[in-house]
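Asks: All chains should be modelled from the sequences, with the hints used to inform the complete structure.
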Amino acid sequence: MPSTINEYFQLMPFLIIGIGIILSVVIEISSKSSKEILPWFSIILFFATALYSITNISEHAVLFGGMVEVGGKPAIFNFIFNLGAMLVVMSSIGYLKKYGTYFGEYYILIQSSVLGMMVMAGSKDILMIFLGLELMSICFYVLAGINRNKLGANEAAMKYFLLGSFTTGFIVYGIALIYGTTGTTSIQNLIDNFGEYSSNIIFVTGLILFLIGFSFKIAAVPFHMWVPDVYQGSATTVTGLMSTTGKTAAFSVLIIMLTSIFTLNSANIFKPYFSAIAVLSMFFGSIVAISQNNLKRMLAYSSISHAGYMAVGLAAANSYSISGIIFYLAAYAFMNIGAFSVISIIEGENDSRTDINVYAGLNSKNPVLAAFMALFMFALAGIPPMAGFFGKYYVFVGAIESNLTWLAILGVISSMISVYFYLRVIVFMYFKDAEENFEIEVAPYSLSSVVISGVLVLMFGLFPDMLLRLITAVVSL
Amino acid sequence: MKIDLILFFLLAGIAVVTSILVITRRNAIISAVFLVLNFFALAGLYLLLNAQFISVVQIIVYAGAIMVLFLFVLMLLRTDNESPILSDKRPLKYFAILISVFVFVQIAYLLFAGKPSRNITPDEAASINSGTIQAIGKELYTNYIIPFEVAGFLLLAATIGALVLAKKKFE
Amino acid sequence: MSSVPMEYYLILSAFMFIVGVTGVLIRRNAIVVFMCIELMLNSANLSLVTFSSYLGNPIGQIFVFFVMTVAAAEAAVGLAIIIAIFRNKLTVNIDEINIFKW
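Residue numbers (my numbering), protein chains in the order written: chain A, 1 to 477; chain B, 1001 to 1171; chain C, 2001 to 2102.
Just so you know, the hints here were simulated from the structure itself, not pulled from any lab data.
You can trust all of the hints, since none of them are fake.
Taking lysine to aspartate or glutamate and the DMTMM-like style, the derived pairs with C-alpha atoms no more than 20 Å apart in a straight line are:
| no. | chain 1 | residue 1 | chain 2 | residue 2 |
| --- | --- | --- | --- | --- |
| 1 | A | 365 | A | 355 |
| 2 | C | 2089 | B | 1082 |
| 3 | A | 98 | A | 439 |
| 4 | A | 97 | A | 351 |
| 5 | B | 1115 | C | 2007 |
| 6 | B | 1167 | A | 28 |
| 7 | C | 2089 | A | 351 |
For clarity, every value in this text was computed on a predicted model and none was experimentally measured.
Replies: Encoded structure:
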């Protein structure tokens, strides 16, 4: 059917980023000082999109003949993506000089990856999911290896690329089987007739292949092999982006695909699958992280275990636990980006100073950074009243509502294990003496990124209702 | 036996043999050439399925452009032949092959048990119509215009990414 | 078309998919691994075209069109990554490219 000009206006968040990408390319080509202009241009773009999304949350509409969804859940996800990307760009300005890749394409790629995430979160058609996923992933492959003089970055890029495209194969094959049984790629049709399809063994096989593909993307065990190496090898700011917004985008797709399970009360046939990956990821992540001395690698394993907690919500699959997941994703995004921003400030040239020993005595060197790092660590550990606590709380309550009390109990045990390695960082910062002396150069933009993340984490922790009410209002749309 | 059944078995035979040769040849260039052959067999199968447009695109884009890029890179890097494939990590690889065979048997069983053709009544005319350039173009520029635009951004991002990774000098 | 049962095509597609997966698992040359991934994508394409043709609607073929676009984009980026790593390390063997420990 022909689309009207009004529909294009409703696509505003996509248009802002899309036109922004094209303008950025023009700036990069034509201006000598693009290195200075582009970061600020990206920050403005991301901020504008985030603001637009959060203020237009109630204008829910499905556009272009059931292709794209705007407002509602996608608006909340767009808010997370854009604000997260904005903070990452802010901390990149100072970091990239140290890292040795100080050029404009970096920002264009971040913008493109955010566009991909927005397409994923707003998709109403499996084709859109696929294209958004690939747009995001291709940008991430390049961003992971953007410093091609570094062997570590090269290796990260290659591992991410090979495993990522291997996963794409599974996803496409799964989509083929889904299409074969439903005769269409529309997600609305999938939601409406889910109960009927779920008795068809081919459809279920296709959906399982699809879910396996996305389990790779959310970094859940047993599909986690790429995570530690990629997170450690990539630039710290890029890792911050991949581990938060990338994970959020993958979860948004899982939530879209399983909508009918948690709204229309179709039987949750994937409960065993999600319970299994939840338990495995929670415990594997928490236990292996204990023995890590590199902070980036430790946060990689912590990211695996967080994927496990969120998967508990998918296993429970009621509307309460789904709102819990979205809240958790928002909280996790900002606390993790904050932590990675601190790491990127402390990090020296050539990937040095990412070990935990470097953080010994940080409090005496730079009390502000130490305080914020402590805040992020507490939040990641899920200690009340930080944002991370409420994320876990909502998800676990949702699990209990679905009679998955054992899963919630295992989740609590695993988070108690994980407290150890988060607190270890704090102990190093406050109760140990510095081993080596080095100057910490705090770029003002990086610091403001840390401060903004810290404020958001505190705000979500102290007033969780504010965000949760927004989420519950739109979760079953 | 009808002609299309004969053609199917011929092309399917080529596809099966070449796909196995791709993963068993130690020289990467020979693998690539067999992959091209495999793509040609697939293009033939697409024609049997009345998908003329996809068949042509398969040859022009896949066999013509993507595989030429592969061959170009292979010849540029001139990698050595691999050691015989099962020479190291033997138990692990046997395990991988075993799992693959198991999964294949399972999918094949599912396809026969689930019988996806049960709900589908083939309609030769509709099938011929849906594979034409007109039908695909019409859908692509009306209902699928947004994915089309996203694909544009995807190619832009890929171009920029490849440029970043392969450009001669860093500033 | 009508005299060939749809399942034949699907079995062929499943077989090629599994061959591709096996190739990814057992091969060591990064470029060959990537070629096996292309094989997987192609087998999925075969399934999509089969369904599209038997259902008589063009959506599956449009999907194939986009899969090809994505494959082209991935090939460009992936080969650039492989060239970048070859410049530093002079190998494309994924067993030798392993500086991080597990």
